[in-house]
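From first to last, the protein sequence lines stand for chains A and B.
Under my numbering, the first residue of the first sequence is numbered 1, with each subsequent residue one higher.
Under my numbering, the first residue of the second sequence is numbered 1001, with each subsequent residue one higher.
Possibly wrong hints are sitting among the right ones.
Here are the simulated lysine to any residue pairs, SDA-like style, with alpha carbons at most 25 Å apart [stated by the list, open to error]: (1) 1102/B - 55/A; (2) 1154/B - 127/A; (3) 368/A - 153/A; (4) 1086/B - 1196/B; (5) 1237/B - 273/A.
I should point out that these hints are in silico values taken from the structure, not numbers from a laboratory.
It should be emphasised that the depicted structure is a prediction, and the values quoted were computed from it without experimental measurement.
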Amino acid sequence: MGCSEKSTFPGCVKDAAGRVIHGGPVYLVFLSFFIVLFLAGVVSGVYSLFIEGSRHAYGTYREIPLALLIATYIFFVVASTGLCLVSSIGHVFGNRDFLPIAKRSVLLALITIISGFLVIGLEIENPFRMMLYLFTSANLSSNIWWMGTLYMLYMIFMAVEFVLLMRESHRIAAFFGFLSVLAGVSAHSNLGGIFAMLSGRDVWYGPFLPVYFILSAMMTGSAFIILFSIVAQKLRGQGMNEDEQKSLALVSKLAMLMIAAVAFLTIWKMITMTTGGETRLITLHETISGSHAFSFWVLEVACGLIIPFFLLLLAGGRRLGLMTVAAALMIFSIFFMRLDLVVMAQIVPLYWDMGVKEFSQLHTYAPKWKEILVAFGGIGFCGMAFLLGEKIFNGFSENREAEAVESTEPESE
Amino acid sequence: MMIFKTLHTENMLGKSEKISEIDRREFLKIGLAITGVFAGGSILSVASAAEKVFPRGSIVQKYPYRPHYAMVIRVDQCIGCRQCEKGCIAANAVPDYGWRTKVLEKEVPEAIGQKREFIPVLCNQCNNPPCVRSCPVTATYKDKNHGIVMMDIKKCIGCKICMVACPYNARYFNEEKGAIDKCDFCLGTRLSRGEKNVACSVYCPADVRVFGDLSNPQDRVYKLIHQLQKPVWVLKKETDARPNIFYMKG
Ligand code: SF4
Ligand code: SF4
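In isolation and in its complexed conformation, chain A is listed as follows (with noise of 0.2 Å):
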């Protein structure tokens, strides 16, 4: 770890903790930033569940039940299901060019679906109970039983798989990583089951979204190796060394063919809601040029998907400035295509078809600042253990000769 091999552990955090003091004015500025950030959110989600309810905190209402939290909490696990899969590429796969990554990828895989939990656990109105009763009433037909089991097992290989990578033992930490990658990818396609299973409800239904999902992930994924990255150089205060620059390039191209691949299912996600009923024509209209045209064209489109790709194009893996610029818009915009992707098929009323007064105009949904403040201590929490694990590891430095010595030893990879 950030120490060597012969300190003890008190030794270890106590210099560690140094670190993280000694961080300089601006890294402190931000931490305490992130800080401040996650324990408001904590202290909202906590009030707005317990003491206020969620029905006069949130936004959400029986129509539109699912709004940002969930969208946020989406947002995190794809993150971290994408840190994971583009992460696995080098130590699991063995392509020794996306090596360099791979700690500080596992890492965020980590603190992402933390983030990703700690929403959900401030969203869900019960979530003492969802600890015992997942366990001791499982629903087996439930994408949602699913998902949440297996985002866990995830969580556990993960973590056991970061442990070993900081440890060296590359070996068994691939093990780990493959089975990381078993749980992240199941965890995820049932993440898109749950909306994708709804019969009652067109624009989700169909098996776009598991598709989708696993996809978008490795863009998002892609996008957060590249911005962590590079910040955590600037932390360090010393240039990327030739190899982290290199997998750098790579990602940065893997990024590219997603966010291609995002745009080609999202165009045809576009042309088949042009059949299939009114529900979904009317979902596709305000998305294109209602009340959701600005999300869509200018967030999804413009800055998720058309800048952030010429701007890597035109860096070529090499200006890190206009990679950092696509990675941040990506990453900003995806949030956005979470938080659309989850209310905008709700926004028909399920009665609509039938021309009753009660249902005669299309849901909308405001999120209220209290929810706005749970999903910020989510991003909170995620900058916050960013920062603190770049000190604490000491931004993985010590541990490159030894990763350069041991990939050229095929079989500990």
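Could you slot chain B with the ligands onto chain A? The hints should help.
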């Protein structure tokens, strides 16, 4: 396999062999709307006139529950007084921010006479309930005896996926209970205490809501659904939830 259970319990594959497309059209001709016919799975089973069309016993004669609770809504009789809503609220302590049943209103400007139509809706106690399938902790389940879709409120984690899964907007989160609440055909508040009818039906002055046992040929619900003069239909048949709330006129 679990997924194909309904195929076998309702012998859907068998039926498709036995009822050809021509037969189906014949059936339409004799008056049963196709939506109603296939929605409940085996509704055409013992219809007397049906037996003239189909050889005796050619269609599975089985309702999965005993009693198989169901409701027929004689929709054109509804005058929109909403007494049923009030009865339901009173019987089941429904809070002002929620509903278990609702009367929807539709303007029909081109109609002769009354220009409004009222459509009562409630949980359809589906035979293939999407809410039950999606609940991670079996907090909502289909009772094995009477087929009512029930809530075990102490288990509900409040994930609200069942609310989006339900094609009929029949569920809401009840703060006081800390769980989802929905129509249970008054099982908790009336049927379990020996009452024979549900609150909304009792309170309805126009005899719109007929509640009863679909597995009992002597029951009014049974008779209404199995008569062939009038079309019977269900809402949102395409979702394959296979509801137990039937609509008809007259
Ligand atoms: S909200 Fe309650 S009843 Fe509905 S799916 Fe979640 S746990 Fe089950
Ligand atoms: S109507 Fe909705 S709540 Fe009732 S059983 Fe069907 S899916 Fe479940």
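Each hint, compared with the structure:
{"no.": "1", "hint": "1102/B - 55/A", "in the structure": "holds (20 Å)"}
{"no.": "2", "hint": "1154/B - 127/A", "in the structure": "holds (12 Å)"}
{"no.": "3", "hint": "368/A - 153/A", "in the structure": "violated (33 Å)"}
{"no.": "4", "hint": "1086/B - 1196/B", "in the structure": "holds (19 Å)"}
{"no.": "5", "hint": "1237/B - 273/A", "in the structure": "holds (21 Å)"}
Of the hints listed earlier, the one the structure fails to meet is number 3.
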